[in-house]
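Asks: Model the full assembly from the supplied sequences, consistent with the hints where possible.
There are 2 protein chains.
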Amino acid sequence: MIDGAAIIVIGNEILTGKVRDANSPYLLRELRALGFPVHRVVVIPDDVDVIAREVRRHSEEFSQVFTSGGVGPTLDDVTFDGICKAFGLELVEDERMARVIREHFGERTTPSHLKMALVPTGARLDFDGRMPWPVVEVENVMVLPGDPGILRKKFESVKERFRRAPWHARRIYTLLEEGDLAPILERLERGHPEVAIGSYPVYEKRDYKVLVTIESKDAADVERAFEDLRRMIPEREIVRAE
Amino acid sequence: MIDGAAIIVIGNEILTGKVRDANSPYLLRELRALGFPVHRVVVIPDDVDVIAREVRRHSEEFSQVFTSGGVGPTLDDVTFDGICKAFGLELVEDERMARVIREHFGERTTPSHLKMALVPTGARLDFDGRMPWPVVEVENVMVLPGDPGILRKKFESVKERFRRAPWHARRIYTLLEEGDLAPILERLERGHPEVAIGSYPVYEKRDYKVLVTIESKDAADVERAFEDLRRMIPEREIVRAE
Numbered sequence: 001m002i003d004g005a006a007i008i009v010i011g012n013e014i015l016t017g018k019v020r021d022a023n024s025p026y027l028l029r030e031l032r033a034l035g036f037p038v039h040r041v042v043v044i045p046d047d048v049d050v051i052a053r054e055v056r057r058h059s060e061e062f063s064q065v066f067t068s069g070g071v072g073p074t075l076d077d078v079t080f081d082g083i084c085k086a087f088g089l090e091l092v093e094d095e096r097m098a099r100v101i102r103e104h105f106g107e108r109t110t111p112s113h114l115k116m117a118l119v120p121t122g123a124r125l126d127f128d129g130r131m132p133w134p135v136v137e138v139e140n141v142m143v144l145p146g147d148p149g150i151l152r153k154k155f156e157s158v159k160e161r162f163r164r165a166p167w168h169a170r171r172i173y174t175l176l177e178e179g180d181l182a183p184i185l186e187r188l189e190r191g192h193p194e195v196a197i198g199s200y201p202v203y204e205k206r207d208y209k210v211l212v213t214i215e216s217k218d219a220a221d222v223e224r225a226f227e228d229l230r231r232m233i234p235e236r237e238i239v240r241a242e
Numbered sequence: 001m002i003d004g005a006a007i008i009v010i011g012n013e014i015l016t017g018k019v020r021d022a023n024s025p026y027l028l029r030e031l032r033a034l035g036f037p038v039h040r041v042v043v044i045p046d047d048v049d050v051i052a053r054e055v056r057r058h059s060e061e062f063s064q065v066f067t068s069g070g071v072g073p074t075l076d077d078v079t080f081d082g083i084c085k086a087f088g089l090e091l092v093e094d095e096r097m098a099r100v101i102r103e104h105f106g107e108r109t110t111p112s113h114l115k116m117a118l119v120p121t122g123a124r125l126d127f128d129g130r131m132p133w134p135v136v137e138v139e140n141v142m143v144l145p146g147d148p149g150i151l152r153k154k155f156e157s158v159k160e161r162f163r164r165a166p167w168h169a170r171r172i173y174t175l176l177e178e179g180d181l182a183p184i185l186e187r188l189e190r191g192h193p194e195v196a197i198g199s200y201p202v203y204e205k206r207d208y209k210v211l212v213t214i215e216s217k218d219a220a221d222v223e224r225a226f227e228d229l230r231r232m233i234p235e236r237e238i239v240r241a242e
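Chains as they are written, first to last, in the numbering used here: chain G, 1 to 242; chain E, 1 to 242.
No lab work stands behind these hints: they were computed from the structure.
Among the hints, a few may not be true.
Pairs count within a copy or across copies, as identical chains cannot be separated in the list.
To be verified - Pairs of lysine-lysine, BS3-like flavour, derived with a Cα cap of 27 Å:
1) 205 / 18
2) 153 / 18
3) 115 / 153
4) 18 / 209
5) 159 / 217
6) 18 / 115
7) 115 / 85
8) 18 / 217
Replies: Written as structure tokens, this is what we have:
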């Protein structure tokens with residue numbers, strides 16, 4: 001099993017281009033800042049069988065899975081059905097969740113609202129007190145909603161659990177083009193296999209042509225590779241280093 | 001094999017939250033407008049083995065695959081290596097591509113630039129004349145670059161090949177909440193299994209609470225379901241219908 005996360009975004013509205021996914025970009029930025037690696041993002045439709053297969057597959061391959069979407073009261077909200085199918089579980093009513101729903105909707109509570117109290121057997125519900133809705137987890141899968149505002153609030157309430165050693169990063173903005181930079185970066189990588197080197201050309205008009213990033217969880221490794229790279233690029237070709 | 005596309009976005013910069021993927025949202029909107037279904041988006045790192053496995057898997061499952069990213073001259077550009085590994089092919093220099101590169105970079109051409117002329121055996125290169133760089137295809141995989149500007153130009157040059165019958169859509173913006181709407185939509189779906197029904201609640205302040213969409217490639221089916229839904233929602237709860 002690979003240490004780190006896969007994010008599964010569930011929703012026909014994303015795949016049909018109606019709504020632009022804001023949740024995976026948010027989770028990617030947050031998890032990066034927390035020092036938690038993400039290896040995969042997948043966007044799939046509101047389809048029980050597809051959800052079951054992808055949840056199962058990613059839950060086996062990665063130590064942590066986040067899903068987003070498909071947990072409301074309407075007929076296209078089938079994420080929990082998919083998760084049940086993935087792990088051979090059944091949907092059962094969580095009493096506390098049903099109570100929260102009845103308190104929230106009062107006399108207007110309908111059977112469709114109460115559908116949201118149905119969770120897979122053995123699911124862990126985290127009521128943190130900061131908002132009425134719990135964060136639901138099944139096995140190593142954290143089930144988050146599709147609404148970006150609610151997703152953020154829920155993730156905020158649990159994110160410290162995902163904090164790890166931070167990444168350290170150095171950046172050099174250079175006037176060299178990628179083709180000229182390539183042999184330099186190859187040499188750099190051979191000398192510093194312990195750091196991650198990124199090369200990001202810009203094609204619009206900017207004051208630089210390529211941004212090179214050097215990253216690692218070991219600050220000293222980053223500094224060594226950074227100093228080497230600074231010596232390898234002619235000084236006049238360096239716009240700035242940070 | 002499922003008729004329709006999977007989009008594979010390749011790039012550590014997306015997974016580490018440095019760059020927000022603009023290519024899959026663009027392709028999703030364009031392909032939807034063309035009438036071409038997309039079933040999956042996957043974001044994976046610049047890793048030959050992961051690329052090979054995901055390209056192979058999606059190429060077998062879906063009739064069309066688009067990749068974006070990993071085709072430049074630097075060491076993290078390994079998309080073609082991954083595609084070779086996926087299909088048991090080798091990288092060979094395409095003469096016309098090498099000529100285009102030499103013409104473009106002139107005296108500044110380096111071996112790293114010429115790396116971009118290496119394509120998998122049997123690859124189809126489409127030089128359409130509107131820009132120097134070809135669109136490269138291997139099996140049912142169209143290999144697009146990570147730079148959003150160049151990706152758009154390339155896709156524009158080939159997109160008519162993906163035109164199908166268009167989707168027809170109707171929308172109702174309602175003041176009903178999802179919980180109250182759910183039983184109505186369930187009845188609607190039972191009566192109209194041939195259309196796709198979407199229910200999109202908004203949590204910010206708007207003049208409506210839920211947008212319901214009805215879609216199908218058959219315009220008459222959409223109209224019938226739309227008229228039924230209009231009768232099922234109390235008139236005072238409909239903000240607008242379009």
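Asks: Run every hint past the structure and note whether it holds.
Replies: Results for each hint:
1. 205 / 18: between (31 Å within a copy, 19 Å between copies)
2. 153 / 18: Close inside one copy (24 Å) and across copies (22 Å); limit 27 Å.
3. 115 / 153: within (22 Å within a copy, 47 Å between copies)
4. 18 / 209: Classified as between; 17 Å across copies, 34 Å inside a copy.
5. 159 / 217: Intra 19 Å, inter 43 Å, cutoff 27 Å: intra-copy only.
6. 18 / 115: So residue 18 and residue 115 pass the 27 Å test inside one copy only (26 Å; across, 38 Å).
7. 115 / 85: within (17 Å within a copy, 46 Å between copies)
8. 18 / 217: between (38 Å within a copy, 16 Å between copies)
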